[in-house]
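Trainee: What the sequence shown shows, in the numbering used here, is residues 1 to 266, in sequence order.
Simulated from the structure, these hints should not be mistaken for lab results. Among the hints, a few may not be true.
Taking lysine to aspartate or glutamate and the EDC-like style, the derived pairs with C-alpha atoms no more than 20 angstroms apart in a straight line are [to be verified]:
1. Lys71 with Asp198
2. Lys71 with Asp186
3. Lys250 with Glu194
4. Lys71 with Glu86
5. Lys172 with Asp157
6. Lys71 with Glu261
7. Lys71 with Asp233
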Amino acid sequence: MRTRPDVRNIAIVAHVDHGKTTLVDAMLRQAGVFRDPSQAGDLVMDSNPIERERGITILAKNTGIGWGDVKVNIVDTPGHADFGGEVERVLQMVNGVLLLVDAAEGPLPQTRFVLRKALEQDLPVVTVINKIDRKDARPAEVLALFIDIGCADHQLDFPVLYTNARAGTATKDLDVPGGDLRPLMDAIIEHIPEPPGDDTGPFQMLVSNIDHNEYVGRIAVGRIFRGVVRPGDPIVRIRGEQRTQHRVTKIFEFYGLQRRELSEAR
1 MRTRPDVRNI
11 AIVAHVDHGK
21 TTLVDAMLRQ
31 AGVFRDPSQA
41 GDLVMDSNPI
51 ERERGITILA
61 KNTGIGWGDV
71 KVNIVDTPGH
81 ADFGGEVERV
91 LQMVNGVLLL
101 VDAAEGPLPQ
111 TRFVLRKALE
121 QDLPVVTVIN
131 KIDRKDARPA
141 EVLALFIDIG
151 CADHQLDFPV
161 LYTNARAGTA
171 TKDLDVPGGD
181 LRPLMDAIIE
191 HIPEPPGDDT
201 GPFQMLVSNI
211 DHNEYVGRIA
221 VGRIFRGVVR
231 PGDPIVRIRG
241 EQRTQHRVTK
251 IFEFYGLQRR
261 ELSEAR
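All chains should be built: construct the whole structure from the sequences, respecting the hints.
Mentor: This is the structure we're talking about:
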């Protein structure tokens with residue numbers, strides 16, 4: 001099977017206030033996405049007003065960064081069991097999971113729910129224990145999560161990194177302070193599999209979400225599994241037994257805080 005060595009697709013799993021937005025902002029900054037430091041902040045993963053009010057992530061958001069020659073696509077996951085269908089759709093878009101846990105609070109029920117769904121799909125996990133600078137940090141207890149939820153033996157072989165998202169640092173060894181997030185990004189590229197990608201076959205895309213833009217109308221957000229698509233191409237939407245004809249008008253990719261228009265996607 002052909003793969004895409006230049007792409008990694010990951011879902012980030014974290015409870016509210018465990019540092020998800022801060023970590024993603026630091027990743028964007030160190031990848032050179034922010035030209036103006038004033039652009040940084042709580043911009044990426046907490047954009048829905050209902051989410052801000054209730055303190056949970058409902059609709060998954062997407063971003064992407066370049067790290068060396070690799071495009072890392074990052075998809076947020078709902079952190080509440082009430083949105084199980086959304087969780088499963090998100091996990092179909094990725095090839096691995098970034099599990100982010102507060103070093104003091106440990107994994108909470110919402111985190112366990114999403115992680116269990118990921119392990120059921122046999123997705124590899126990169127575990128990040130954040131806020132290691134807290135005086136009440138207990139990172140060793142976090143690792144018991146995998147055993148508690150009954151994962152398979154081969155799923156216990158996962159990389160663990162310790163981060164201070166606010167400072168933008170990561171390390172594999174608590175006794176060796178980190179200087180930046182390079183260890184985390186390298187772990188993602190090393191441990192998350194390359195996605196399958198065959199651009200010679202007919203175009204096939206799994207739509208996981210529908211967005212709307214006042215200028216272009218409805219936007220299908222998803223993952224391309226096969227083929228190449230360009231503006232003007234005719235496509236068929238298949239939903240159960242229903243088939244409807246459509247035509248592609250524009251193509252975008254997620255990069256940083258923006259959607260970048262493309263001449264083709266694969």
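Trainee: State for each hint whether it applies.
Mentor: Tested hints:
no.	hint	in the structure
1	Lys71 with Asp198	17 angstroms, holds
2	Lys71 with Asp186	12 angstroms, holds
3	Lys250 with Glu194	26 angstroms, violated
4	Lys71 with Glu86	24 angstroms, violated
5	Lys172 with Asp157	14 angstroms, holds
6	Lys71 with Glu261	16 angstroms, holds
7	Lys71 with Asp233	25 angstroms, violated
Hint violations for this structure: numbers 3, 4 and 7, all remaining hints satisfied.
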